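Could you slot chains B and C onto chain A? The hints should help.
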Amino acid sequence: MAETISNISLSGVTKRYGDVTALDGVSLVLEGNEYVSLLGPSGSGKTSLLRAIAGFEAPDAGKVTVFGRDVTHLAPHKRGIGFVFQNFALFPHLSVYDNVAFGLANADSPPPADEIRRRVTDMVRLVGLTGLEERGVGQISGGQRQRVALARTLVTEPRLILLDEPLGALDANLRMRMRDELRHIRERLGVTFLHVTGSETEALAMGDRVVVLDRGRVAQFAAPDVILNSPANPNVARFLNRYNVLSGALRGEAFASAYGDLPYGKRVESGDAAYGIRYDRIAVVEETAPASGVGIPVTFVTSEYLGSAVMYFFEAADGHILEVEHHLGKGRMPEFRPRGKYRLQWKPEDAIVFG
Amino acid sequence: MESRVLKPVLAVYVGLFILFLYGPFIVLTILSFQQGPEGGPQFPIIEWSTYWYRHIFGLTPPSRVAPLPFGESLIRSLTLAFMTMVTSTVLGVMSAQAFRSKFKGSGFVFYLIVLGMMVPGVLTGLGTALVANTMGIERHWWSTAFVTHVVYTFPFAFLVMLAILNRFDASVEEASWSLGVPPMRTFRKVTFPLIFPGVLSAMLFAFTLSYDEFSRTLFASGRDQTLPLAIYGTFAVEIHPNVFAFGVLTTLFSFSLLTVYAVLMTMSVRRAGRAAIQEDIA
Amino acid sequence: MAEQIETAETTRNRTAYWLIAPGAVWMALFLAVPILMIVYVSFWTQTTFKIEPILTIASWKQFFSSETYIGSLFTTVRLWLIVLAATFVLGYPTALFVGLFVKSKTLSTVLLVICVIPFWTSFLIRVLAWRPMLGKEGAINILLQKAGLISAPIEALLFSELSVVIGMTQIYVVFMVGPIAFMLSRIDRNIIEAARDLGASFWRIFFKIILPLSLPGVIVGAIFVSVMVLGEFATTAALSGRKVNLLGNIIVTQVGSLKWALASVVGVILTIIMGLVIAGFLRVVDLKKEL
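Chains as they are written, first to last, in the working numbering: chain A, 523 to 877; chain B, 154 to 435; chain C, -4 to 286.
Everything labelled a hint here was simulated from the structure, so no lab data went into it. Remember, it's a predicted structure, so these values are computed and weren't measured experimentally. All C-beta atoms, glycine included, are put in the ideal place defined by N, C-alpha and C. All clues given are correct.
Not the full set, but computed from the structure, chain C residues with beta-carbon under 7 Å of chain B: (1) M22; (2) G130; (3) G243.
Okay, the calculated bits of chain C under chain B, using three or more residues with CB under 8 Å as the criterion: (4) 84 to 94; (5) 98 to 111; (6) 131 to 145; (7) 225 to 238; (8) 252 to 261.
So that you can see chain A by itself, here it is in the shape it has in the complex (with noise of 0.2 Å):
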C-alpha cells in the first residue's frame, strides 16, 4: 500500500499483551480529508488500533506513516495526531477556555499569546460555547463537555483526529445531534477523522467508509452501502445487525441449511460458510399460503417497536431466532398471533451466501 505526503497507512501493525494478539497485521490506508468509522465488537482491536496511532502504546510489528512521516516509533506528543477519548479526559482543574487554550499555551513553541486567544475564541465559537468560558468543566453538561473535547483537539490544527467512542457517554437524544455536528465540524476543517464505534448504526450513518475490525484483523474496509450490501464475511454480516445469518453448507447452486436447502443470489468467497438474509427483505404469511421464493417455517414470538420500524422476532423449528424489520414508511404495522404458526418468504435473489 501506498504511503503518500497525503495519507495516513497503517501496514502489518501487530500488538500483543501477553498471550492476548490484539492486532494481528493490520493494514489500512486512509485518505486525507475523510470520516472513516472504525467499527468492531468489543475485544476487536479497535482502541489498541487507535492507541497505536496516537502512540500511547507501541506497536510490536508493523509501520504507522501520517502524511508522509513514519511516526511507528515517535512519542505522541510529536505526532500531531489529536485523540477524543470516551469520558473526555478533560482537565479537570482547568476553565473550559483553559482547556482550549492548553494545547496551544504548552506547545513546545506556543503562538504569541493574541493569537491563542483569537484562536481559543474562534474554536469555542465553532463548536458553540460562546459564554461558557469561565465555567469549569465540571459546571457544564455532557454535551457541553464533549465540544470542550473536541475544541481543545481542533484547536491544535491536527490533520487526523482519532474518536475512541466520543458519543458513547452522551445519551440517546444528544447522540443524535452530535453526530450531525461531528460531520459539519470535519467537513468544514477538511480533517481526517477515524472514529471508533462500536455502533453499527452510527459506522455506517457517519463513515464516508468503514473499517470492520474482527479479532484484530481487518475484515472489511468499504463505503457503508457496500458494506450493508455485501459483508465480507457472515461475522461482518453479524455485527451490521441487518442480516440474519444462517449455518450450513454450500452446496453447488443451494445453500444446506437446518431448513433444507436455500437457493440464493449472490456469493461472497470466505472462509465460513454462512447464507445472510436481510431482516427488511423478508415478507411473512400464514403457514398455509401458497409457497413462493425461499421459505422457513416459523412460530412468531415478540415484537419491538423502534419508531420508524417494527422488529419481528420469530423462532424457526431447530430454535434459532430470526428477525423480520418492517419499516413503517411501507404500511402500517402488521399484528400477529402470539405462537401463530408463519412462513418467513424471500426472493433467492436478495440473499448472500458465504463460502
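Then chains B and C, alone, in the frame of chain A:
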C-alpha cells in the same frame, strides 16, 4: 433485637474510649497551669498560674528549676523536619510514578521501600551509627539522622502517592500528549495539580513523623540534640510542670499544622470538586 | 522486529528505572546496609571501649548466658502479647461502632479523626502525660480515693509493668481501630440485614459474618502494633522507672556504654522475632487477596 441495646452501650463505650485517649493530655494541660516555682507536677493545683509557660520563654526570675534546653533543639527539629519533608515527598512522588509501569524488580523494590517504615527505629538508628562509626563519619542531626529520617518517612509518602496514582485516570495525561504537550510539562501542568492533595498528605506525614522522631535520632544524631531528644532527656530527671507546659505548646503547634493541612486540603479539594461530576459519567 | 519490541519496552522501563533509582538507592544505602551491618558487627570482637572486625561469637554467648538479657527477651515477648491483646480488646468495640454501627458517614469520619488526632501530636509528650495520671498523687488515685473506692493510693499504677501496658495500649490502640474500622465499613450491610431477616441473632451474625470479614483489618492492625511494641524503649524508660527492660532498652544501654557488638546481637534477635511475627500474621490472612 440485641443491636438496639448494643448500639447505645457501644456509644457509651466509645465515649469512654475517647476519654482514655485524651484523658492524660487533659490532666497534663491542667497541671501545666500549676503555681510555680514551688508547685510540683501533681494535684492539687495550689494556685492557677501561667508561671511555667513564662518559665519556658525565660520570662521568670531564675529559680532552682533549670530552664528547658529546648530553644536551639526546636530550630534543629524544624529544619530537619523540613528537609525530611521535601526529600521524602520528592522521592515518594518519583517512586510512585515509577510504579505506574510494571518494571522488572518492582516487587522487590516495593518491599525494600515499605521495610523502611516497618523496621523499628532502634534498629535503623543502631545500624546507621555502626556504619558511620566504621567509615569514620561523624554523626550529625543534619547528616546521619537526616538520612534515617527519610528512610522512615519516604515509605509513608510513597504509599500515599501510590494510593493517589492508582486512582488517577491516565487518559488526561494522554490527552495532554496528544495536544502536543511534552511529558515533563504534562506532569507539571496536569498530573501534579491533580495529585496535589496526595502530595499535601505526604508532606504532612513526613513533616510530623520527622518532627516527632527520636528513636532513630537517638543513635544517628551526634552531640546536638533535636527537640524529641531534649524531651527524652527530661525523662531521666525530676519532672517539673514546665515540661507539661511545653507539651501543651508543642501539641498546639501540631494542631496548627493539622489546621493548615485541613485548610489547604479543603481548598484543593474544592477546586478539584468541579471535576467530581466529570468522573461520575466516566 | 525483535529490535523494535525491545525499543518500545526499554523506553518505558528506562523512565521507570530513572524515577525509582534515587529512592531505591537511598533505601539500599541507608536501610539495607545498616541492617546488614548490625548482623556483621554482632560477630565482632568487643573490648572495653572499642570493637574490632575480628569475627567471634563471644557476644552471642554473652547474651544467651545472661539471665538479665534472656529475661528481657521474655519481658519483650510477654509485653508484646499483653499489649496486642489489650489493643484488640479495647479497639475492636470502637472500630465496630465507628465502622459498622454509625450510619452517618460524617459522624463515622469525625470519630475516626478524633481517634487519629493524637497520632499527630508528640509521642513523648503523650507518654509523659501518663505520669501525672498514674502517679501516687496522680489523677486516678485521687479520683478513686475521693470516690471512696480505695483508702490508700495504689502505688503499683506508676513505675510498673502495668503503667507501661496502659501507656502503650493508649498510644498504639489507634493502629488497631483504623484498619478494623476500614474493613468493617466495607461490609455490605445487606448481608447483615439478610442474616437478620433469616432470624440470626446478633452474636451469630457477629461470629459468622462480621468477625471473619474484619479479620484482614485485625491482622494489619496487629502487624502495626507488633512492629511498634517490639521496637519500643521510650515508654518503658518513661513509665517503668527502669523496672521493665525490653530488648530495645538493652540496645540503648549497651550503645550508651559503647558495647556495640552486644547491642548488635540484641538487634539481630529483635529483627528475627519481628520477622517471625510478621510472617506468622501473614500466614493467617493473604492480605494481597483481601485488600
